[in-house]
Amino acid sequence: MRCVIARYPFELTQAGVLASMKGVKPEAVTAESVTIGRRRYPVKQVGEVITRQDRRDFTSGEVVRAMTRLGFTCHAVPEPEPAPGLTPESGPADLPLWATPDPAPTSLWSAPESSPHRSE
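Position one of the sequence shown corresponds to residue 1 (my numbering), numbered consecutively onward.
Worth double-checking, as some hints may not be accurate.
Just the calculated beta-carbon pair ranges, DEER-fashion [unchecked claim]:
id, residue 1, residue 2, range
1, Tyr8, Glu79, 29 to 39 Å
2, Arg39, Glu79, 31 to 41 Å
3, Ala15, Glu81, 31 to 41 Å
In short, the hints are calculated from the structure, not lab data.
No residue lacks a Cβ here, since even glycine has one placed at the ideal position from N, Cα and C.
Whole structure, please, built from the sequences with the hints as guidance.
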């Protein structure tokens with residue numbers, strides 16, 4: 001199937017993509033991804049392998065569109081995992097002592113005793 005990625009036409013097939021990605025270790029998924037075989041790859045990694053172009057030369061949307069047309073399952077951006085101890089159910093009491101906020105200052109600035117700006 002003819003697909004245009006980064007203004008260049010490519011003749012891609014599902015078998016060709018499977019063969020290109022065979023033996024390629026998936027990177028961590030932080031953005032859109034595509035399932036090829038039993039593995040889930042970031043779309044930018046797949047685009048780089050199948051086009052042999054730098055990732056900055058094409059958009060993830062171009063690769064998602066091509067992979068969808070070839071019959072691969074594409075996934076949206078994953079939800080970020082909450083940091084431990086910062087879930088909505090936990091409060092400041094669950095935080096370590098060093099992570100508790102400082103109390104609000106009573107005064108932001110006070111003039112020295114001998115200052116002409118000091119009000120009595």
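- For the range 31 to 41 Å, tell me whether the beta carbons of Ala15 and Glu81 fit it or not. holds, 35 Å
- Evaluate the given range 29 to 39 Å for the C-beta pair formed by Tyr8 and Glu79. holds, 33 Å
- Is the hinted range of 31 to 41 Å satisfied by the C-beta distance from Arg39 to Glu79? violated, 20 Å
When held up to the earlier numbered hints, the structure conflicts with hint 2 and nothing else.
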